[in-house]
Amino acid sequence: MAEQSTATPDRKPAATIGDERLAHQSPIQRLMARPALGAFAGVVLVFAFFGATAGNTGMFAADGMMSWATVSAQLMIVAIGAALLMIGGEFDLSVGSMIGFAGMMMALPTVYFGWPVELSVLFAFAGALGIGFLNGLITVRTGLPSFIVTLASLYILRGLTIALSVLFSNRTIVSGVKEAAGDSFVTWLFAGTVGNSFFVWLAGNNLIDRLPNGEPIVNGIPMVIVWALALAIAAHIILTKTRVGNWIFGAGGDANAARNVGVPVNRVKISLFMFTAFCATVYAACQVFEFGSAASDRGLLKEFEAIIAAVIGGCLLTGGYGSIIGAMFGALIFGVVQQGILYTGVPNDWFRVFLGTMLLVAVLFNNMIRRRVTAER
Amino acid sequence: MRQEDKHVKTGIIRRALLAAALTLPLVGFATTASAEGERFVFVSHAPDSDSWWNTIKNALKNAEKDLGVKVEYRNPSTGDIADMARIIEQATASNPTGIISTIADYGVLEGPLKAALAKGIPVLTVNSGTAEESKKIGALMHIGQPEYDAGKGAGERAKEAGVTKFVCVNHYITNTASVERCQGYADALGVKLGSQMLDSGQDPTEVYNRVKAYLTANPDTDGILTLGPNSADPVIKLLRDTSSAQKYKSFITFDLDSDISQAIKDGIMDAAIDQQPYLQGYLPVVLLTQHARYGVMPANNINTGPGFVTKANIELVEKLAGEYR
Numbered sequence: 001m002a003e004q005s006t007a008t009p010d011r012k013p014a015a016t017i018g019d020e021r022l023a024h025q026s027p028i029q030r031l032m033a034r035p036a037l038g039a040f041a042g043v044v045l046v047f048a049f050f051g052a053t054a055g056n057t058g059m060f061a062a063d064g065m066m067s068w069a070t071v072s073a074q075l076m077i078v079a080i081g082a083a084l085l086m087i088g089g090e091f092d093l094s095v096g097s098m099i100g101f102a103g104m105m106m107a108l109p110t111v112y113f114g115w116p117v118e119l120s121v122l123f124a125f126a127g128a129l130g131i132g133f134l135n136g137l138i139t140v141r142t143g144l145p146s147f148i149v150t151l152a153s154l155y156i157l158r159g160l161t162i163a164l165s166v167l168f169s170n171r172t173i174v175s176g177v178k179e180a181a182g183d184s185f186v187t188w189l190f191a192g193t194v195g196n197s198f199f200v201w202l203a204g205n206n207l208i209d210r211l212p213n214g215e216p217i218v219n220g221i222p223m224v225i226v227w228a229l230a231l232a233i234a235a236h237i238i239l240t241k242t243r244v245g246n247w248i249f250g251a252g253g254d255a256n257a258a259r260n261v262g263v264p265v266n267r268v269k270i271s272l273f274m275f276t277a278f279c280a281t282v283y284a285a286c287q288v289f290e291f292g293s294a295a296s297d298r299g300l301l302k303e304f305e306a307i308i309a310a311v312i313g314g315c316l317l318t319g320g321y322g323s324i325i326g327a328m329f330g331a332l333i334f335g336v337v338q339q340g341i342l343y344t345g346v347p348n349d350w351f352r353v354f355l356g357t358m359l360l361v362a363v364l365f366n367n368m369i370r371r372r373v374t375a376e377r
Numbered sequence: 001m002r003q004e005d006k007h008v009k010t011g012i013i014r015r016a017l018l019a020a021a022l023t024l025p026l027v028g029f030a031t032t033a034s035a036e037g038e039r040f041v042f043v044s045h046a047p048d049s050d051s052w053w054n055t056i057k058n059a060l061k062n063a064e065k066d067l068g069v070k071v072e073y074r075n076p077s078t079g080d081i082a083d084m085a086r087i088i089e090q091a092t093a094s095n096p097t098g099i100i101s102t103i104a105d106y107g108v109l110e111g112p113l114k115a116a117l118a119k120g121i122p123v124l125t126v127n128s129g130t131a132e133e134s135k136k137i138g139a140l141m142h143i144g145q146p147e148y149d150a151g152k153g154a155g156e157r158a159k160e161a162g163v164t165k166f167v168c169v170n171h172y173i174t175n176t177a178s179v180e181r182c183q184g185y186a187d188a189l190g191v192k193l194g195s196q197m198l199d200s201g202q203d204p205t206e207v208y209n210r211v212k213a214y215l216t217a218n219p220d221t222d223g224i225l226t227l228g229p230n231s232a233d234p235v236i237k238l239l240r241d242t243s244s245a246q247k248y249k250s251f252i253t254f255d256l257d258s259d260i261s262q263a264i265k266d267g268i269m270d271a272a273i274d275q276q277p278y279l280q281g282y283l284p285v286v287l288l289t290q291h292a293r294y295g296v297m298p299a300n301n302i303n304t305g306p307g308f309v310t311k312a313n314i315e316l317v318e319k320l321a322g323e324y325r
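Here the protein sequences line up with chains Z and C, keeping their order. Residue 248 in my numbering sits at position 248 of the first sequence, and the numbers go up by one each step. Residue 323 in my numbering sits at position 323 of the second sequence, and the numbers go up by one each step.
Extracted from the complex, chain Z is given alone in its bound form (with noise of 0.2 Å):
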């Protein structure tokens, strides 16, 4: 609740005597007060590293920086059900398995069933919003760390996609959903491109690079950033402006406490489950509509990396405490990352080792902004 409790300044004239109980702080304070201001420095810090060692490679050119953006695009959609579900105080570890789950339940029924694929669409979502549910509810009721509930979802989900796929299609990749789609508004939803017209003339203008055809290099922002950006100003606004977000920050912090005030902690957390199931479940619609497959080993060990990201922008593991622009400042810091490596040209066998430094450096350097400014937290 950090964020509220800066938020209300005494302004009044007779404040130049001022009034002893109320601390001075300027808005630069308060700014530097935000818990995503270490996570933010990260990013300046990985930019300055990336800007030093590959900026004659082409990262920086439109069609590498479309390629680390839609890298960071994709993992921030986890990383914002991941972030709320942890200032709620729980985790979701099966949301990489879901991510194929909901794959699979999208891309079956629209190839072998012959289902229309909006419907399909549907179908994953309700699926995909009841399995959290379930996460929830027996988490809730049975009180077990649901660190322990979800892993039992990431062995089952992840097994029923194998099975259910080799089931009806004899095979582990699903493909054929692109031609079964057409040109059905779903692909566009999830697949397609917004702003293609601001690139054909920034191309027009020399902005940016043309491909030898004459098309501009990058033909528009793709869906899946839209999708991250959408679901970020919602889930910001969600925290930190309305009462549930209180509730989130209450159920978190403290269960009992918020419980003992009239908070419905309950549903507040299986409500976070539902929203990790359906971020998951976006993640797998933007895949699956680029790509037109479904594939049972999508979404491997993206439940670390969300909760990694969740992490460097600052959440706490022990719940209470974090924002979502810190979480998308965190899934920036690791897609920048992950994809920039690669322009270095660090030798494969390294590149582990260096992103797993490049993280340490980052969260590092971001601890440490985070504890001068908030002069310990």
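Hint data in this document are derived by calculation from the structure and do not stem from the laboratory. Every residue gets a Cβ at the ideal spot worked out from N, C-alpha and C, and that includes glycine. Take these hints with a grain of salt, some might be off.
These stretches of chain C come out as covered by chain Z in the derived footprint (C-beta under 8 Å, 3 or more residues) [said to hold, decoys possible]:
no., region
1, 60 to 69
2, 73 to 84
3, 114 to 120
4, 295 to 303
Given the structure of chain Z, go ahead and fit chain C onto it with the hints provided.
Positioned in the frame of chain Z, the structure of chain C alone reads:
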């Protein structure tokens, strides 16, 4: 208060210096990337845990040295093909002289590879995928082993040996090509694949115990097909531990390593299907380099396999297994 502030400040400076020191080694690598000469990116679908690709990495290193070019090997760490598509997009953005890629899933990789071609970057496909898929993408050529045919070849050998029920140990069930191999084997025997394909996982202990459980539950199994060292090595160990090798009329594997060649010498394994991965790493770099320098390119695809390694020709192969064979 002031005193403390100062203390904090020096602490921060010290930590910032540490951070800088940690990132410094990266800068050294960065400069090599922008050196003169051709630069190729080789993108595979293999997860980090798949040791078979070491031969290809060695081939790439040799090609780099022999030709004076630079080759970067890239793979998705979990084997997720959607991640592989992102790597190809990234490679395209970095403007290499050429891209070498497997076609682990045509539907997913078609778009990114075509985008690379549209940007004027030559693409050559290797390993997984068919010649038709390669042609549809517009790649210069395909260098690999037709998977279904290779599986069928193994199945024909098994049929000669009298196999009726088999297990296909699939350590990479999410790859279409791996299912094709099992399917080809089943078709050659003239039986349905059904539940005879076992999803073994990648971890050696898991493979060992799942195969053990399967063979116990299906005692009338008389043929074994493994799809690579990751599934073959644990099965070899299992047959050694239980000394039950004689029970199986045919035990064939895809690919080679030192355990497999020892098993062939000892008569535990009948044959290994060699797709000569060294060539799949070395040849595309050679061809793309010559293409970049002199504009030449062979008109046909190259099949590097299937070749069968048996007790008869194992001596030749054995010394180099796991490194160049």
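Which hints, by number, does the structure contradict?
Checked against the structure, the hints that fail are numbers 1 and 4, while the rest are satisfied.
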